[in-house]
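> Join the two chains, each given in its own frame, into one complex according to the hints.
Chains as they are written, first to last, in the numbering used here: chain L, 139 to 262; chain V, 209 to 338.
Take the hints with a grain of salt, since some may be wrong.
As the list claims (entries may be wrong) - Residues from chain L shown here face chain V by an in silico Cβ test under 7 angstroms; the list is partial:
no., residue
1, R161
2, G183
3, L248
4, G252
Unchecked claim - With a cut-off of at most 25 angstroms between alpha-carbon atoms, the simulated DMTMM-like pairs for lysine to aspartate or glutamate come out as follows:
no., chain 1, residue 1, chain 2, residue 2
5, L, K260, V, D259
6, V, K274, L, D190
7, V, K270, L, D190
8, L, K260, L, D188
What the hints assert, rightly or not - Here are some chain L residues the structure puts well away from chain V; computed CB gaps all over 10 angstroms:
no., residue
9, P143
10, A144
11, R145
12, P148
13, L152
14, L154
15, S156
16, Y159
17, S198
18, F200
19, W233
20, V235
Just so you know, the hints here were simulated from the structure itself, not pulled from any lab data.
Predicted model only: the values in this text are computed from it and were never measured.
Beta carbons are placed, not taken as given, at the ideal position from N, Cα and C, and that holds for glycine.
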Amino acid sequence: MQASPARPRPASNLELYSWFYMRISAIIMILLVGFHLFYMHIILGVNAIDFDIISGRWESPFWRLYDLFMLLFAWLHCANGVRLVLDDYVHHQGWRVIAKSMLYIVVFILIVLGAYVIFTFKPA
Amino acid sequence: MAAIAHLFRAVTYRGHEGQIAWMLHRITGIGVFFFLALHIADIFLMAFGPDVFNSLLFFYHKFLFKLAIVFGLYPGALYHGLNGIRVVIIDFWPGMSRKQALLWRIQIGLFAVAYIPSAIVMISAMFFSH
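Next up, chain V with everything else stripped away, as it sits in the complex (with noise of 0.2 angstroms):
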């Protein structure tokens, strides 16, 4: 019940821009800490050698860990870098705490501008190759 009081208030409080991006920031840090617990597990494995390795690949190689990759850890990584920038430049200069709206919008043009072009990239190769 506590749990959805809190989304309750999550949702309802009007915090514009600065609360999307925090809540964001949050969901998406997160996501990243399970993958990298996954990676470096998986790097792990390589010291097992090329038969062990190789056969845990096809984990990776399947069609819903990729579409995962495109569409879940690679925005959510990126997103979470570029809003850390973000914050690291309102931390470091504080006179730019009063632009932060305008770096909010800076940050959402520059995500899709590297989103958009490398998503086409990642899945015209999970159609087009092999």
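So that you can see chain L by itself, here it is in the shape it has in the complex (with noise of 0.2 angstroms):
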């Protein structure tokens, strides 16, 4: 029987890392976003969101940080999700470029605006 032959290698290893970012990020999620649901949902509620309650909350250095974690974690998470599927559906190679263009857009300046709040944010 003839061996089938080998898989060319790729020249980079991007995508190996992105799966594995996506399975390392997942695990630290499942505990970070898990608590968050549980939290601002089951115990919290909606309605008692505000701007005291989220203020009170970044009082402290530790909640910064871990949602500075969700932040980083959950949206570079979603944005190789989104280029995945991108990747998958969008088959004309111009419009690949484009959509892909504007992800990358969006992801940043998104980050950029939910780090600056966490960091430049002063309890009144």
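Have a look at this one:
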């Protein structure tokens, strides 16, 4: 029986890192986002959340760091997921470049806005 | 037309648990992406002070939005997380791929156990608080 030809090695390890990042960030988010959803939606409830609640939360550097980690892990996980979906469904190269460029711009802007408010917010 | 053909193939391709799990993972993932974009933008509004932030909160306190959380975002994120754990288990322990159908059933069981009580808590909070 003839062996099937070896798969060509990819030019870079980017997709390997992407695959690994999705799994590592997933495990981290199970803890971070799991507790976040449980606390905000079950313990507190959406009705109770307002400016004072979040302001109080950000008095502590721990919760600022917690929120920063959620922002980075969740948003970059989302961004990479959408990148993979665009690769799967947008076959025309020109449209794919446009769609992915738009994705990267939105991802970058929201990372900056989110990190900005976490770092610069001053509780009243 | 290509989209309809694509949808037809998706519906008639009998991939059993794995295919359903994968499709739901995509759909919930895209949904969470759009919610998270909105969520980062609304938390950014904290920078403008209590008046601006609180005046825009009415959006989240609307009945329809809470309904969308209980029946859309929350089960979507929960499913995506549980299915993600299953994918990680299968990827990191290759022997588990032979038990993928069993893992799927365990996952659905865990989903029901986690979702039903928390949905009841959230729905009752919609009617009985304030």
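> Now, for every hint given, state plainly whether the structure supports it.
For each hint, the structure was consulted:
no., hint, verdict
1, R161, "5 angstroms, holds"
2, G183, "5 angstroms, holds"
3, L248, "5 angstroms, holds"
4, G252, "4 angstroms, holds"
5, L:K260 / V:D259, "15 angstroms, holds"
6, V:K274 / L:D190, "21 angstroms, holds"
7, V:K270 / L:D190, "20 angstroms, holds"
8, L:K260 / L:D188, "16 angstroms, holds"
9, P143, "23 angstroms, holds"
10, A144, "20 angstroms, holds"
11, R145, "18 angstroms, holds"
12, P148, "18 angstroms, holds"
13, L152, "18 angstroms, holds"
14, L154, "12 angstroms, holds"
15, S156, "13 angstroms, holds"
16, Y159, "12 angstroms, holds"
17, S198, "15 angstroms, holds"
18, F200, "17 angstroms, holds"
19, W233, "13 angstroms, holds"
20, V235, "20 angstroms, holds"
In summary, this structure violates none of the numbered hints.
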